[in-house]
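Visitor: The primary structure of each chain is shown beneath.
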Amino acid sequence: MASGIQGDVDELLEAVASLPEKRGSLKEVLRVYPGEVDDFQDVLKEALALALIEEHGGEIRLTEKGWGRLLAHRESFIHEKYGHPKGILGRLSKLIEGRVGDLRAHWRERHGIDRGGLDALYSSLAEFRGRIEDTIPLSSLKPGEDGVVSYYLGGRGLMRRLAEMGLTPGVEVRVVKAAPLHGPIQVSVRGSSLALGRGVASKIFVKPLKQRDDPG
Amino acid sequence: MNPDNNVPLRDGRRRGEITVALAGNANVGKSVIFNQLTGLNQTVGNWPGKTVERAEGTLYYEGRRIRVVDLPGTYSLSAFSMEELIAREYIAEGNPDVVVNVVDASALERNLYLTMQLLELNTPLVVALNQIDFAAKKGVRIDADKLSKTLGVPVVPTVATSGIGIDRLLAEIVALAEGNVKLRPITIRFGREVEEHIKRLEKIIEKALPKLASRYPARWLAVKLVERDEEVQAKVLMEEEGREVLSMVESSIGDIERLHGEPAPIVIASERYSLAAKIADSVTAIVHPPKLTLEEKLDSITTHKVLGYLVLSGILAAMFTTIFMVGGFLAELLEPPLMGAALPWIERISSRLLPPLVSEILTRGGLMGVVAGITIALPYIMPFYFLLSLLEDSGYLPRAAFLLDNPMHKLGLHGKASICLLLGFGCSVPACLGCRIMETQRERLLGGFLTVLVPCAARSIVILSLVGRYIGIPAALGIYAFDVALIFLLGRLGYRVLPGEPIGLIMEVPPYKKPSIKAISRKTWIRTREFIFVAFPIIVFGSIILEALHVTGASLIASRDMAPIISGWLKLPEIAGIPLIFGILRKELTLILLAEVSGTTDFSSVLTPTQMIVFSLVSMLYIPCIATIGTLVKEYGLRKALVISAVDVALALAIGGAAARILPIFMAV
Numbered sequence: 001m002a003s004g005i006q007g008d009v010d011e012l013l014e015a016v017a018s019l020p021e022k023r024g025s026l027k028e029v030l031r032v033y034p035g036e037v038d039d040f041q042d043v044l045k046e047a048l049a050l051a052l053i054e055e056h057g058g059e060i061r062l063t064e065k066g067w068g069r070l071l072a073h074r075e076s077f078i079h080e081k082y083g084h085p086k087g088i089l090g091r092l093s094k095l096i097e098g099r100v101g102d103l104r105a106h107w108r109e110r111h112g113i114d115r116g117g118l119d120a121l122y123s124s125l126a127e128f129r130g131r132i133e134d135t136i137p138l139s140s141l142k143p144g145e146d147g148v149v150s151y152y153l154g155g156r157g158l159m160r161r162l163a164e165m166g167l168t169p170g171v172e173v174r175v176v177k178a179a180p181l182h183g184p185i186q187v188s189v190r191g192s193s194l195a196l197g198r199g200v201a202s203k204i205f206v207k208p209l210k211q212r213d214d215p216g
Numbered sequence: 001m002n003p004d005n006n007v008p009l010r011d012g013r014r015r016g017e018i019t020v021a022l023a024g025n026a027n028v029g030k031s032v033i034f035n036q037l038t039g040l041n042q043t044v045g046n047w048p049g050k051t052v053e054r055a056e057g058t059l060y061y062e063g064r065r066i067r068v069v070d071l072p073g074t075y076s077l078s079a080f081s082m083e084e085l086i087a088r089e090y091i092a093e094g095n096p097d098v099v100v101n102v103v104d105a106s107a108l109e110r111n112l113y114l115t116m117q118l119l120e121l122n123t124p125l126v127v128a129l130n131q132i133d134f135a136a137k138k139g140v141r142i143d144a145d146k147l148s149k150t151l152g153v154p155v156v157p158t159v160a161t162s163g164i165g166i167d168r169l170l171a172e173i174v175a176l177a178e179g180n181v182k183l184r185p186i187t188i189r190f191g192r193e194v195e196e197h198i199k200r201l202e203k204i205i206e207k208a209l210p211k212l213a214s215r216y217p218a219r220w221l222a223v224k225l226v227e228r229d230e231e232v233q234a235k236v237l238m239e240e241e242g243r244e245v246l247s248m249v250e251s252s253i254g255d256i257e258r259l260h261g262e263p264a265p266i267v268i269a270s271e272r273y274s275l276a277a278k279i280a281d282s283v284t285a286i287v288h289p290p291k292l293t294l295e296e297k298l299d300s301i302t303t304h305k306v307l308g309y310l311v312l313s314g315i316l317a318a319m320f321t322t323i324f325m326v327g328g329f330l331a332e333l334l335e336p337p338l339m340g341a342a343l344p345w346i347e348r349i350s351s352r353l354l355p356p357l358v359s360e361i362l363t364r365g366g367l368m369g370v371v372a373g374i375t376i377a378l379p380y381i382m383p384f385y386f387l388l389s390l391l392e393d394s395g396y397l398p399r400a401a402f403l404l405d406n407p408m409h410k411l412g413l414h415g416k417a418s419i420c421l422l423l424g425f426g427c428s429v430p431a432c433l434g435c436r437i438m439e440t441q442r443e444r445l446l447g448g449f450l451t452v453l454v455p456c457a458a459r460s461i462v463i464l465s466l467v468g469r470y471i472g473i474p475a476a477l478g479i480y481a482f483d484v485a486l487i488f489l490l491g492r493l494g495y496r497v498l499p500g501e502p503i504g505l506i507m508e509v510p511p512y513k514k515p516s517i518k519a520i521s522r523k524t525w526i527r528t529r530e531f532i533f534v535a536f537p538i539i540v541f542g543s544i545i546l547e548a549l550h551v552t553g554a555s556l557i558a559s560r561d562m563a564p565i566i567s568g569w570l571k572l573p574e575i576a577g578i579p580l581i582f583g584i585l586r587k588e589l590t591l592i593l594l595a596e597v598s599g600t601t602d603f604s605s606v607l608t609p610t611q612m613i614v615f616s617l618v619s620m621l622y623i624p625c626i627a628t629i630g631t632l633v634k635e636y637g638l639r640k641a642l643v644i645s646a647v648d649v650a651l652a653l654a655i656g657g658a659a660a661r662i663l664p665i666f667m668a669v
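Chain order of the listed sequences is A and B.
Here this note's numbering is used: the first residue of the first sequence is 1, the next is one more, and so on.
Here this note's numbering is used: the first residue of the second sequence is 1, the next is one more, and so on.
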């Protein structure tokens, strides 16, 4: 558990949300080491005091308010990971933007993502099981790495094109190669090869899979 | 075969004729099968009002006439792209007797996605399981009989490139068209919850929209409505009870989306895919590890971060020089006999038959047009089409696009556009024709607009022999740099202005294949023939009009009328008007005629350096030459061709006028 109690609470909420998916206790999901048990208890108390979580029949689960905060956290996580233009211009625009208040409006106005796409994103954010931190944009996978498509951040048209080309949620993809100069990436999915522009690939969020030949 | 002979036949179909539509993904060898079926007996054109190629051909098989329509390659039948819409409309409304779904055996799962949709549409289907040789190379064996039993439609394994399986395919087509085979196609069922909604909507549609349900399968309508297909929604809204049906659909969509946490179209796509995966899995056996060393090596070289670009520039340079060497050679070979020998001979004949003025206009103008067409366009076009087909069929183009996507993206285009833009330095005509390799209508139009602005060889002659010779090479290079900047700027602008959603690159990268020279030659010939039919008349007609202007002296009057523009706005000598008018015929004429009207080839005695630059800029940008206009008309239709030409003229005038005022400030120093 790293920075500050705020971040800790968000991480705790993510862990609680992922409990039904994972086998193990909250401590195991959060990888709480023996020396950190006190911190963990503090965060748990804090979350209970804020009524973000509740105990129900011996199980910890999120309250309505907890879900709200979790969703907001997930939104800002995606915004962080979303492929903002790199380089001086991108940094400058990020600086001017500062902290984005209304992400929905930001995505619509700055990134041109239509309402259908946003609705889809928000419903998949609410339905997402597991820790959102476990997902990354497909564009950050390296050649040879695999991932499972989790959700998209893009307009409705893009989403449908992707699904029709076989990149449906839950499907396994492998990055085959990446073009130089920040160009497209080539992925293999459902037995065929697709080239995806960098912008497209940064809108597809995947759960990375461990290397198959990895002994762990 | 039309079962009822009293029903009037639509679509120019003849009685007793079998109509077959070929449907399938891109890169599955669909056009090869089409070629195998029809041979040279085909016509290539556009679908009415679209920049989408329509190929149609006929063949005779055991005394029956079979008409084959090659539908655009699509991955799906949603209404997203023009191609999909055309394919879908044709299958649903064109009433083909048989639809042949060409399926790539080496990527069965992805290909079956379209098959699922064809089955949803209740089409009389035959599956051509193509490229089984390549699948075998990949170590995959597919049980065609099992696939046929699973889908409930005939499945014919084929290797189109060597003609294997074509006969059996024909036999199945005829048997199906004549009702000798009973199809038992499977119904594409979705997961339980989705299925319940579809069934419910199907019943509602049958009852509430009987008219629509008689034209399309009710189940298909239900699925499409759940997919939020705008085109089907619009059709439903035209019906009386459409609004109520749509609101019921909305509530079903709501249920499905709440349950799955994904938009309904994605849910449907996912379920179709999971069925496709299941079927593909059950009929596929992995026999041995893939043996694709050569293809893989080629692939890794041509997409390598250094070698890839070297190969790409090598290919482009080779393409360039081949086209110009072959083109130049042929042009030189053809021009003297046509202009030297044929012209006087034809003039002599026509002057006996026609009044002298008419005769002169028709023979000189007409022949000049023919010569322009033959010597500019044709020699460059045939080799170009050949090389383009070679690149297309081998599977290289997607690799080039992969390497160049990023810079092209800044222009609002995909990597493939770079090929056309670079070819534009040679000749605008093939460059413009090459734009059809891009996927969407929007990109093709933007690509065509931009390629026309690239200075072709003829314009380079003007720039180099005027600015390059009299002012210096740096100034000439400056004009090129300016042009590139202008193209970039207009590309950005067009990207914003043109309607349609710019979707980033999502492109299949097919494996390399050994192209068949026969297939390529055939493609080259058919495309060239098409060019002759469409563009040639325009070139000849335009040339006759220019000649008429010349002979009647109207061009002098015109140039006098143009004086305010030429000398007033562009600050050029008044005589420069005539060269600019006739430059439309061929751009290098601007220079030749400038020498003629000014009576000297020493241009520095008639033009100031500023005027030279202005003249070059205007020749570079204004109305494309007549062969290019002809090509634009062929590719985009008359209206768009005129708009592009008008925009170019406006651009040339604006920039020329501005240069005439700004440049002197710098030149004086």
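None of these hints come from the bench; they were simulated from the model.
A portion of the hints provided could be inaccurate.
Stated by the list, open to error - Selected chain B positions facing chain A (in silico; Cβ < 7 Å): (1) Y75; (2) A79; (3) D133; (4) A136; (5) L259; (6) G261; (7) P263; (8) A269; (9) K305; (10) L333; (11) I506; (12) V509; (13) Y512; (14) H550; (15) E635.
Claimed, not checked - Here are the simulated DSBU-like cross-link-like pairs (lysine-lysine), alpha carbons at most 35 Å apart as the crow flies: (16) B/K305 - A/K142; (17) B/K297 - A/K142; (18) B/K278 - A/K142; (19) A/K142 - B/K571; (20) A/K210 - A/K22.
Glycine residues also receive a C-beta, built at the ideal position from the N, C-alpha and C atoms.
Visitor: What are the numbers of the hints the structure violates, in ascending order?
Guide: 2, 3, 4, 5, 10, 13, 14, 15, 19
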